[in-house]
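Take a look at the letters that make up each chain.
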Amino acid sequence: MKDKKHGSFLRASKLKDNTEDFQSSEVYYSPFPQQDKNGKVVYVPKPFINLAVNYKRGEPRVIKALVDSGADFNLFPGYVGDLLKINVKKGSKRNAVGIGGMQIESFFHEGVGIFIEGHKIETNAYFSYQQQIPILGQNGFFDKCNTVTFNRKEEEIIITI
Amino acid sequence: MKQKPIRGLEKYVNKWVAIDKSQTKILAAGENLIEVSKKVKGKEVIFMAVPPLEPYFP
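From first to last, the protein sequence lines stand for chains W and G. Its first residue numbered 1, the first sequence is counted upward by one per residue in the working numbering. Its first residue numbered 1, the second sequence is counted upward by one per residue in the working numbering.
Looking at chain W on its own, in the form it has when it is part of the complex:
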């Protein structure tokens, strides 16, 4: 059900005592080009969502990030860190392992803010110059949300915080 007062993307659920329980946002998959089995380019919806991200009190910048329930942590490209004026390589260094066992060098930072439809999540992320796609993972995103529901048919992700 959509709350007309707050617009089509935002609704607030109320407990019996009329206090707000959680707030939720409906965001949508993004269509990206992909080759089909015949090599033809088709557009496929992928769970990339728009979010604004900032560091400490810095200016938020809007990026598309992949909501990836299989990722252990938030992992952003090093260039996103540069854009947010983070001294990326000053973070604590850790190797991250991707599919196929490929290791990438990444740097951990606290003080990252994620804004989705006006809701702020104060979190942390790893940054790596060997990573091209921003990823929202279990620690730092899913664990900060109440629920994250994928509705592939409607190409919709409902996030309650």
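It is possible that part of the hints are untrue.
[Stated by the list, open to error] The calculated DSS-like cross-link candidates involving lysine-lysine, where the alpha carbons are at most 25 Å apart (straight line), are: (1) W:Lys46 with W:Lys93; (2) W:Lys90 with W:Lys56; (3) G:Lys43 with W:Lys85; (4) G:Lys21 with W:Lys37; (5) W:Lys85 with G:Lys39; (6) G:Lys11 with G:Lys21.
[What the hints assert, rightly or not] Footprint (simulated), chain W over chain G, 3 or more residues, beta carbon under 8 Å: (7) 6 to 20; (8) 25 to 38; (9) 41 to 54.
No wet-lab data here; the hints were simulated from the structure. All values derive from a computational prediction rather than experimental measurement. Backbone N, C-alpha and C fix where the C-beta goes; we use that ideal spot for every residue, glycine too.
On the provided structure of chain W, position chain G as indicated by the hints.
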């Protein structure tokens, strides 16, 4: 509301692009995010990395 595809995005695989807030037009493209951000300085945009055309496992 389902999002509509941004036509021509396939030309920018493995690159960064800046799109307008209505998510219909590509305003700038480049090899990395910093290069693209310099091209659209002062404009309200959405930055995105375009994944490869092959099936992608991040």
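Going straight from one Cα to the other, do Lys90 (chain W) and Lys56 (chain W) come out at no more than 25 Å? holds (15 Å)
Mind taking a look at whether chain W covers the stretch 6 to 20 of chain G? Criterion is 3 or more residues with CB to CB distance under 8 Å. holds (count 6)
Report holds or violated for chain W covering the stretch 41 to 54 of chain G, Cβ cut-off 8 Å, minimum 3 residues. holds (count 10)
Does the alpha-carbon distance linking Lys46 (chain W) and Lys93 (chain W) stay inside the 25 Å limit? violated (30 Å)
Establish whether the coverage given for the stretch 25 to 38 of chain G by chain W is satisfied; the threshold is a Cβ-Cβ distance below 8 Å, and no fewer than three residues must meet it. holds (count 4)
Tell me if the straight-line CA distance from Lys11 (chain G) to Lys21 (chain G) falls inside 25 Å. Cα-Cα ~20 Å, so holds.
With the threshold set at 25 Å, check whether the alpha-carbon distance from Lys21 (chain G) to Lys37 (chain W) stays at or below it. violated (32 Å)
Holds or violated: Lys85 (chain W) and Lys39 (chain G), Cα atoms, limit 25 Å. holds (18 Å)
Tell me if the straight-line CA distance from Lys43 (chain G) to Lys85 (chain W) falls inside 25 Å. Judged against 25 Å, a Cα distance of about 18 Å means the pair holds.
This entry does not satisfy hints 1, 4, going by the numbered hints stated previously.
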